[in-house]
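J.: Sequence:
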Amino acid sequence: MLASRRGGCLGGVRTKERALTTTALIAIGILVPLAVCLLLSSLRAELANTNAALVLVLIVVAVASLGSRAAGLSAAVVSAAGFDVFLTQPYGTFAIHSAADVQTTVLLLVIGAAVTELALWGRRQQARASEQHGYLDGIVQTTGSLVGAAPSRTVIEHVEKQLVDLLDLDQADYAPHADVDAPVLQPDGSLTRRGQPVDVDRSGLPTDTEIWLPAGGGQGQTGGFRLVAATHVARPTHQQRQVAAVLADHVGAVVRQEAMGR
Numbered sequence: 001m002l003a004s005r006r007g008g009c010l011g012g013v014r015t016k017e018r019a020l021t022t023t024a025l026i027a028i029g030i031l032v033p034l035a036v037c038l039l040l041s042s043l044r045a046e047l048a049n050t051n052a053a054l055v056l057v058l059i060v061v062a063v064a065s066l067g068s069r070a071a072g073l074s075a076a077v078v079s080a081a082g083f084d085v086f087l088t089q090p091y092g093t094f095a096i097h098s099a100a101d102v103q104t105t106v107l108l109l110v111i112g113a114a115v116t117e118l119a120l121w122g123r124r125q126q127a128r129a130s131e132q133h134g135y136l137d138g139i140v141q142t143t144g145s146l147v148g149a150a151p152s153r154t155v156i157e158h159v160e161k162q163l164v165d166l167l168d169l170d171q172a173d174y175a176p177h178a179d180v181d182a183p184v185l186q187p188d189g190s191l192t193r194r195g196q197p198v199d200v201d202r203s204g205l206p207t208d209t210e211i212w213l214p215a216g217g218g219q220g221q222t223g224g225f226r227l228v229a230a231t232h233v234a235r236p237t238h239q240q241r242q243v244a245a246v247l248a249d250h251v252g253a254v255v256r257q258e259a260m261g262r
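Counting in the working numbering, the sequence shown runs from 1 upward without gaps.
Derived from the structure by calculation, the hints contain no laboratory data. In this text, all values refer to a predicted model and were calculated from it rather than measured experimentally. Mixed in with the good hints there might be a few duds.
Each pair of labels, with its calculated beta carbon distance range [to be verified]:
no. : residue 1 : residue 2 : range
1   : Trp121    : Tyr91     : 29 to 39 Å
2   : Asp199    : Ser98     : 52 to 62 Å
3   : Ala114    : Leu38     : 24 to 34 Å
4   : Ala100    : Val140    : 53 to 63 Å
5   : Val106    : Thr209    : 50 to 60 Å
6   : Thr237    : Pro90     : 56 to 66 Å
7   : His238    : Gly122    : 17 to 27 Å
8   : Leu47     : Val106    : 14 to 24 Å
9   : Gly122    : Asp165    : 21 to 31 Å
Beta carbons are placed, not taken as given, at the ideal position from N, Cα and C, and that holds for glycine.
The task is simple: from the sequences and hints, build the whole structure.
T.: This is the structure:
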């Protein structure tokens, strides 16, 4: 009960912190473009409206890069409104007499919104890539820590489970001998079938046959893994396939150690 209450309190605090952060970012998205518009209004005689609009686009980009859609859209709206009020005639009103200024104001709003979405998309992609990289590093480190500290059967079973999750397989089993006719997952993460490369990103892993993943960088005496992805098309990334090869190499090292100790 106490843990539940603490968890609830922590969740409430985090929610409040996120709300405060969002509020602060929205405030930045409103105040910064407004301040820039006021500054640009003092330079109306020296600065063309199109140049002023470009400056405001840069401001929207800067605010959007902070990672808040609300802040980026606020900056886009305030920039367009400020451009209208402070930089187009008649000054101090929302009326616009020039068709060119109307187009510039509309474009400023549209471009600002588009830039915000692009910035958020880029941040999401970067976060996903970072998350996957950390996940893959964790797999390799965890498996590496077992080498030399656990029996080979324990390491093999661990790697079998990791390979199924990592490559989206139906099954992965260690075998002491290779199937010479099977496609081979190479140490560099590439896949070859009868000596010809297979485009895994496009066509996925073969579903009509097992795949051979050699342990120990392809040295036959250390065996390898028979990989099965027959019930669906699996498309592990090149980095995931490279990690799979590293895991198999760990198993090869354990098998060699045990063979030398006999």
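J.: For every hint, state whether the structure bears it out.
T.: Structure-based check of all given hints:
1. Trp121 - Tyr91: 29 to 39 Å: This hint holds: roughly 37 Å between Cβ atoms.
2. Asp199 - Ser98: 52 to 62 Å: 55 Å, holds
3. Ala114 - Leu38: 24 to 34 Å: The hinted range 24 to 34 Å holds for alanine 114 and leucine 38, with Cβ atoms some 25 Å apart.
4. Ala100 - Val140: 53 to 63 Å: With a Cβ separation near 59 Å, alanine 100 and valine 140 satisfy 53 to 63 Å, so the hint holds.
5. Val106 - Thr209: 50 to 60 Å: 58 Å, holds
6. Thr237 - Pro90: 56 to 66 Å: Because 57 Å falls inside the window, the suggested range holds.
7. His238 - Gly122: 17 to 27 Å: 21 Å, holds
8. Leu47 - Val106: 14 to 24 Å: 20 Å, holds
9. Gly122 - Asp165: 21 to 31 Å: The hint (21 to 31 Å, Cβ to Cβ) holds, given that glycine 122 and aspartate 165 are roughly 28 Å apart.
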